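Residue numbers (this note's numbering), protein chains in the order written: chain A, 671 to 956; chain B, 157 to 693; chain C, 6 to 382.
No wet-lab data here; the hints were simulated from the structure. Keep in mind the model is a prediction, meaning the values are calculated, not measured. C-beta: ideal position from N, C-alpha, C; glycine also. Careful, some of the hints might be misleading.
Which bits of chain B does chain C cover? Going by a derived footprint, with three or more residues having C-beta under 8 Å, they are [what the hints assert, rightly or not]: (1) 206 to 218; (2) 277 to 283; (3) 614 to 623.
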Amino acid sequence: MANGRYFVAPPSPWPVVTALGLALLLAGFGLLLHGGSLVPSILGAIVLLLAVQRWFAAVIRENQAGLYDAQVNRSFRLGMAWFIFSEVMLFGALFGALFYVRELAVPWLGGEGAKGAAHLLWPHFVNHWPLLEMPRSSDFDVPNAAMGPVGIPAINTAVLLSSALTVTLAHWGLKRKARRALAGWLLVTILLGVTFVVLQLHEYAHAYRELGLTLHSGIYGSTFYLLTGFHGLHVSLGVIMLSVILGRALKGHFTPTEHFGFEAVSWYWHFVDVIWLGLYLFVYWW
Amino acid sequence: MSEATIIPIKGRNKAVRGWRRWLFTTDHKEIGTLYLLFSLSMFFAGGILAMLIRAELFQPGLQLMQPLFYNSLVTMHGLTMIFLAIMPALVGLANWQIPLMIGAPDMALPRVNNWSFWLLPFAALLLWSGFLMPQGAPNAGWTFYAPLSTTYGPPSIDFMIFAIHIMGISSVMGAINIIVTILNLRAPGMKLIDMPLFVWTWLITAFLLVLAMPVLAGVATMALFDRHFGTSFFAAAGGGDPLLFQHIFWFFGHPEVYIMILPAFGVISEIIPTFSRKPLFGRTSMIYAVSAIAFMSVIVWAHHMFAVGLPVTAQLFFMYTTMLIAVPTGIKVFNWTATLWRGSLTFEAPMLWALSFIFLFTVGGLSGLMLADVPADYQYHDTYFVVAHIHYVLVTGSLFGIIAAVYYWLPKWTGHRYNERLAQWHFWLSAISVNLTFFPMHFAGLAGMPRRIPDYALQFADFNAISSIGGIAFGLSQLLFLWLIIQTLRGGEPAGARPWEGAHGLEWTLPSPLPHHTFTTPPSAETVHAEGPHAHG
Amino acid sequence: MDGKGVTLVGLWVPVVASAAQEEPFGLNMHYGVTAAAHQVYQLHMLVFWVCAVIGAGVFAVMSWSLLRHRRSRGAQAARFAGNTRLEIVWTVIPALILIAIAVPATSVLLAINALPTPDLTVDVHGSQWRWHYSYTGHELAFFSNLDSASREASRLGATRFPSDVSYYLRDVDNPLVLPVGKHVRLRLTSDDVIHSWWVPALGFKRDALPGYVNEADIVIERPGLYRGQCAELCGAGHGFMPIVVQAVSAEEFQSWLAQRKQAQAAERSAAAAPWSMAVAMAEGKKVFDSICAACHQADGKGIPGAFPPLDGSAVVNGPLQAHLRFVIHGSPRNPVMRPFGKELDDRQLAALLTYERNGWSNHTGDLVTPQQVEAAR
């Protein structure tokens, strides 16, 4: 409930500059796709990063100045929770695509199910997953093996699950005012996150070089890279956020009761973790 | 005013002046104004595209443009009107009104609010830049079905995809802000169930936005990957399916339809009681009906795809769920009608627009029920019957709701009464021409005219000529609206705090024009109660 | 000519209505010529009347309020804000009406989607921007293109008026001929983007999806010409790919089939004739009109900004090998110019290229031979 003390941010140049940076980045990327120069997108990325940095710096400054009360905090919490919900929906669309092709489209192309007449066009195609033969393999990079659940993916599962544990240990440290435990466990979490990303990149290199599994390997390669790639991007973003939080923790920004910045990042980290479990189950195992 | 309340004021008093004021603003009223002015300009931009379409269709044969340019017009008209005119206008109304109606000092996240707005002009630039590109603006329809938009799309499609991403971020951030404001910043004593209907409908709309927009971003990204990075989401040769695009697109697209209409429902639910001088009939059932519509909107998407050859069980499922939506929609119309019943009606401009909304949205709703009937839809689908339907729900629905809202709240925003005589002219010219434009399209569709064609067989000529005359007249009538707004901004009879004597709600307890900061102290519980849902009784 | 449709057109188009023919002017859905179409029509009328009655009821109550409950007539506002019984009634009754609509809709839907054993199967391929029909088991297949008169009159800046063209935009060079009273199975697919095959008189439209097959069963009741067109946005030529179904008696169908096969055989034996400029030009024109004219236009002038002209084109008048590569393998940049090597044989391609290189104002003098095409593949 409003109590008259609600902090309303003063005018700020950073949102509009952030918008400019984002637009420049994307427009530059569009130009790049059609043979344009790299300059606009790099410029856009720099503007975007600087503006976001200034924006967050202002928020942290206001917070440290004690301008935020419990109600402002609640706004931030609700905002973050709904933002994560929007991310869930994004992954929902990607998972939905995977379920659709696996359960409907590929069986139809193989002659099974209600729309199996499609098989007339692809008489040699057999419904199987992962797809090692496409309906028209000659147009694609045909992989010699699918990505299995053992090896790197299993290790990565362990890495991410333990990072969920370490971020919680950091949280406990924060609540106990044990700053060393907080910083230490945060650092471990970051290292685990970095390990995950490095292993994932290694796995991609392996898939491209040895398995011949590429973005151009039909719907299996498409769904595999889009789902794991988007997740990997989110992990990378999470690592950056954790690093910022580590810096703030070292500066003593958090108290056992007031540490929304930390909580927001840890929610995000747990969200990334849960998405990975879904990936491991449906992309690697199923 | 307690000492602590100085905090927001202090920050605000250093408000920047000049052009930077509008770029940097964190004030919900200024951002609301930006949204509304931006959407007004986009409404005219999209309108010019519509005029060009109607000019080409005035008679058979190609007179003005090549077919591909016609396809670009159709595509850009749809994208502009939906993402840059209707949606920003609704968010603009939310920005102005929600804090005023719930007694909040501002939106919960003011800088995010500024960001949400300023993303839009950049998205518009990206989207419209296509007209300057080698193969022209996007031309695969606003639904950009694959593979027409992927393998066969012009380069501008990439910029359209990025524009969609930016507009999506803008919408999601705007929606989160609205949800948080409503859940966290209500005046003491205002229970959720007692919130004004406009706030309720926006809460549910915002939920749908957070749910649907990321899905659009997902499908647009897949299209981008199919275009440039060798994936085959929508290509059967690699095991994908062009229908996958449509499923994901419409999973976004159908909630999107309700995103555009629910806030208009809210506006109408504010206006009808005011000018009937009677409380809204069945207030609680209205809220349940809106919630039910929102819930069902995510399980009806494939009714846009009845002609694609879905398995029969899927066709049956989506037919039943779609028909079911008619029940809560009917409840809303019945409730409005019952609100009018034995009221004490007057017919100022907001009321006229609201009444025509009920009449004409009902026409669009009923043709929607016809479209739900799958075997009949095999005939209606992708014809002008559908074009008529969507324009009855989006023009005489959403747009009329927005115009009604502007007339209703303009005195509050500017402090001046608008010119009622001119507003009545604006209404009657628009109401007649809009029907002249869209009603004949029902017949053209039933007679067999497909949509999105630049030229047509002779038996459709009469319908199209009438539609074109109506369309141009409707477009020109809107210049009156523009003039009226300018006139009201510049001056006029003082409006007073409560220009409509039948109006209730916290916004009317404030002076007109509104001071720069409102509800620096929250309204008292007594005020909240007095202006609440039981005010009329 | 049915006059109603063009009376108004006559006012705007400064042309005396000529003998051009068009389909009858209609305000309502086609009753159609199949049982399915009749059922669809009846469903349409049922739901239309339900909507009309509901609409009239709501509008009547509203109008009564608007007239009688105005403040200017001294109306005092009542105070009521709800009535549980009424609200239950207007929830339950619409639900019952919906069930009443859904029941027949379900049975019609199931009937339309049933696929009994067909007497004849036709494969329908949509492509940018023409239809291709193939009678399975009969070794008969052909393209169906927009007729040339419509194509000419539909160009930007055309001197010919649409009102002078019979069945403007609704006529084709080769209609789909089907027997009446027989179960015909259509198997629809597409070679490029999504198209939609729609003849209103047959009571349905169905998308032609690239890489997938949709099936439909039709039994036409009586002979006649039934017209429709593509219903799904498919690019620049979307408005210009009509469909004409010519329904004939079973006997006529058999003799038509025999005739077409004979004609096809005659063409094939003509193909054995010695290769000469005259033969190549004649055959090439046929191929061009049915395949290439949709984009490049019969006069070879193309459409500025969309389709390049062939008349005077650098490719067509340039080295033969480059020209051959372009037509056989398609454009590396523009997917609309697809690899025609897949759908045309050596002889057709040789004739086509000869025609292009010597037609209109092009005078390379090249007689392209099937052997040259084979070598270039």
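Here's how the hints hold up against the structure:
no. : hint       : in the structure
1   : 206 to 218 : holds (count 5)
2   : 277 to 283 : violated (count 0)
3   : 614 to 623 : holds (count 5)
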